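Work out the full structure, taking the sequences as your base and the hints as a guide.
These are the residues of each chain, in order.
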Amino acid sequence: MHYFVWLFDHAIFAFSLTVMASYAFLAIYAAMEMIYYKRKTKYIDYGILVASPLAPGVSLIAPAYNEGLNIVDNIKSLLSLFYNNYEVIIVNDGSKDDTLAKMIEAYDLVLSPEVVNLKLQTKPLRGIYRSRNAAFRRLVVVDKVNGGKADALNIGINVSSKNLVACIDVDCILEQYAICKMVKPFMESTKPVIAVGGVIRVANSCEIENGRLISTQVPSQFFPRIQVLEYFRAFLMGRMAWARMDGLLLISGALGLFDKHIMIAAGGYNHKTVGEDMEVVVRMRGYMLERKLPYTVKYIPDPLCWTEAPVDAKILGRQRNRWTRGTIETLLLHRKMFFNPKYGIIGMVSYPYWFFFEWMAPIVEVLGMFAFLIFAIFGYANWPFALVMIGLIYAYAVMLSFCSILYEEVSFRQYPAWSDLFRLMATAFFEPILYHPRQLIWSIRGNIDWSRGKNTWGEMVRTGLSAQPKVPVAGPLPNGGPSTATAAKPS
Amino acid sequence: MHQLPSLVLAELILMPTQQLVLTIATWLMIISWILVVGIGVFTVGARVYAHRQQRKKIAIEAVVTDWLMEYVMMAEDATESELSALLEETSTKIKHQYMGNSFARRVVKAVMLDMNRHVRGSVANALHRLYTSLLYDVLALETLNYGEWHEQAEAVNELTLMQVPYSLPYIEQHRNHRNKLVRLQTQIAEMKLNENHPLGFLSEVKTPIHAWHQANLYAELSKLPKEKIPSFRPWLQSPNYTVVIFAIKMVRLFNQLDLQPYVLMKSLHPHLEVRREVWQFVSYFHIAVGAELIEHLLPDAEPEMQLVMIECLGNLQTMESEQLLEQVIETDQYGLRVEAALALQRSGYDVLGRWPELAPPPPPLISPPSAH
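First to last, the protein sequences are chains A and B.
Each number in our numbering corresponds to the 1-based position in the first sequence with 1105 added.
Each number in our numbering corresponds to the 1-based position in the second sequence with 139 added.
Be a bit skeptical, because a hint or two may be false.
Just some of the chain B residues that point at chain A, by a computed CB distance under 7 Å [what the hints assert, rightly or not]:
no., residue
1, 160
2, 161
3, 167
4, 277
5, 285
6, 289
7, 378
8, 475
9, 477
10, 490
Computed cross-link-like contacts, DSSO-like style, restricted to lysine-lysine with a CA-CA straight-line distance of at most 30 Å [claimed, not checked]:
no., chain 1, residue 1, chain 2, residue 2
11, A, 1296, B, 345
12, A, 1377, A, 1145
13, B, 362, A, 1286
14, A, 1286, B, 232
Because the hints were derived from the structure by calculation, they are not lab data.
Keep in mind it's a predicted model, so treat the numbers as computed, not measured.
We treat Cβ as the ideally placed atom computed from N, Cα and C, and that holds for glycine.
Encoded structure:
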């Protein structure tokens, strides 16, 4: 038994050390990329693109499911971005409320019989609506039978008339120059860019007026505040580093810009997974690598998109459960990439990282806890080692959060109030104790649900960013009707 | 006796490694806590420092803006001797108070650069003279030679904004710099500082001029008076295909229609992107002869190019182009048919009236239950 305990201790230590080393590496690499990005963009005048005849065309595709309450304002916000060559495609994914009626009334829409190139297979189209008012000439509303977010995005891609497609959540608040900033990598890279990811920020407690962000503030509620820290770590550390290595596997469903032709060639969004945002990036990369075509995926660290984060534990739990299932489904769908040198850094580094540290880490953690409990019951527990490990993991978790707060502080400083800074720092101390155990439970539940074949998004409730009454977004949805509080997935 | 090897193993291997692991973990924990404190203090310190710098900056900006405003307003109607005296007085004031400190020096420079964006003519000239009298140009040229890439780009940007013509030979050396930001700033500088041949650098450029670069160059070119825009004909022959693309775009945007035959010749260019640009040119000017060319080239073109040509035909809106599109719709290639139908639809043609089979399949009367 002593040997077994010895082996257990050492295995846990080795695994923890590997995880910590990888996080440290990502943090350092992200810092290098951040410095490079800030230097590179110091003299950029995005204004030159706004009305430039040389700006590439962009289709913003936003699926809407039972968004009747806010849809008119959301569209208004999307139509007022600083860019000339773009269209807004709202896909009404079989809403059961008055989403379509409200759009028709507010934007003077009429049914427009059109030919659509059905390059991607989707649920049937009911009709395409365009406005009679020239002021809304950019707006296209597609009405279709409910098929989930992936299906709605696919039909949007079919209808789009531009070469770049931005897949977004309809109630996200985009920064005014968001399109200019996301288009730039497509215009300047020497290698063809197939996708660009943007940063998602938590908009809870922020002041919002007419679909515009007026001032930012750290959320007053506990769970959204925790998510601010999570997003810092994911977007300012993790993804920055992966982008520098050109090994980014995930672009958040809330904001991503894609090369339409490559997206179509790769088969579009997969409606059989709940992690369609990650799956499409992995598939597009696989498509390019299998054909030995040069390509790259870029990432913009500027805060471009603000979204409402789940406020209560139940909704957050559903979201994390779905993310876990989405990750597993994507990893299994593309298992041929696992340690496959044919897929370069994706096969040898990114995929194994996601496998071991995103999928397996919570399982190892929970198994470790159980094993320790059993050792303790039978009197074999190595208490000094256990206590030191708990102390080490806690200290390391706080250190990583502090590191991400520092990155935010020296790069974008979106929370200028001193109180916000101190609240975030305090949250970093509470997070590992009050939040991490729940996260583990959600992740394990995600694994169990996946093994049972669950493939629904679950009911999502959002409070609305402009302090509207609580609006249930009907569910459970088949593969998920598009919902905003669910799409910004940090890794 | 049979327990002896395991006891030896426990004493010699297990216990020491257990101890080692414990020691490493303890040290890592201590280091992590030290880092937590260090990063925390650094974060708070960074904010305090930034606030303090911001306050200083606002104070310097307020004073310097007043001085500069006074200087440029008086310089507007001043004679040469008055201007020299005024320049001497202002530069002495600034040197005395702010040039000893690098932060203050940067703030003063930023104020001057910002003011430069809003002034023209003699006022701008007066500001440029002040800039050189404070030796900012010398510092910028030094940075240009010895700085890192981002500092070099900043220096070029600064010398361009402050119109320092003698810096051009130094800047030109960075025309093919390995960093694209430096290259871009250099080329913009050449365009702005080389009054006689603003686009002369296009003949010398060996590196690609990507789309972002082109948009920036166009933004600068569009600010030039019309008579200064040269004919783009020489660059249509460039061995650098990105220069050819840029030239075709500029021919289109500056309406140099006399170059149409030279552009159309590029429809046989080996590079796909150049050919794509040619068809956009044809679309833009509705060049009728384009339909004939497309009829000739369409069957043998790459699939991607065929789509571009079909889109171009839709934009031409001539009898010939419509007939050609109708022919394509009658073929059995679904992708091309739909693209041709879309192209015709854009020109107001009742496509679904004539080819109802191209309409998207209607939804069932009752939505089918979801797959899940």
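The hints, checked one at a time:
Because the closest C-beta pair between residue 160 of chain B and chain A is about 5 Å apart, less than 7 Å, the hint holds. Satisfaction of the interface hint for residue 161 of chain B is found here, the shortest Cβ-Cβ separation to chain A being roughly 6 Å, below the 7 Å cut-off. Using the Cβ-Cβ criterion of 7 Å, the hint placing residue 167 of chain B at the interface with chain A is satisfied: the shortest such distance is roughly 5 Å. Proximity of residue 277 of chain B to chain A is violated relative to the hint, the smallest CB-CB distance being about 21 Å (cut-off 7 Å).
Nearest Cβ of chain A to the Cβ of residue 285 of chain B: about 17 Å, over the 7 Å cut. The hint is violated. Restraint check, residue 289 of chain B versus chain A: the minimum CB separation of about 4 Å is within 7 Å; hint holds. For residue 378 of chain B, the shortest C-beta to C-beta distance to chain A is roughly 18 Å, which exceeds 7 Å, and the interface hint is violated. A cut of 7 Å between beta carbons decides the hint on residue 475 of chain B: the least distance to chain A is about 10 Å, and the hint is violated.
With its C-beta approaching chain A no nearer than about 4 Å, residue 477 of chain B sits inside the 7 Å limit, and its interface hint holds. Against a cut-off of 7 Å between C-beta atoms, the interface hint on residue 490 of chain B holds, since the closest Cβ of chain A lies about 6 Å away. Straight-line distance between C-alpha atoms of residue 1296 of chain A and residue 345 of chain B comes to about 17 Å, which keeps the hinted pair within the 30 Å bound. Between residue 1377 of chain A and residue 1145 of chain A the CA atoms are separated by roughly 40 Å; this puts the pair beyond 30 Å, and the hint is violated.
Taking the CA atoms of residue 362 of chain B and residue 1286 of chain A, the gap is near 23 Å; set against the 30 Å cutoff, the hint holds. Taken as a hint, the residue 1286 of chain A and residue 232 of chain B pair is broken in the structure, with Cα atoms around 41 Å apart against an allowance of 30 Å.
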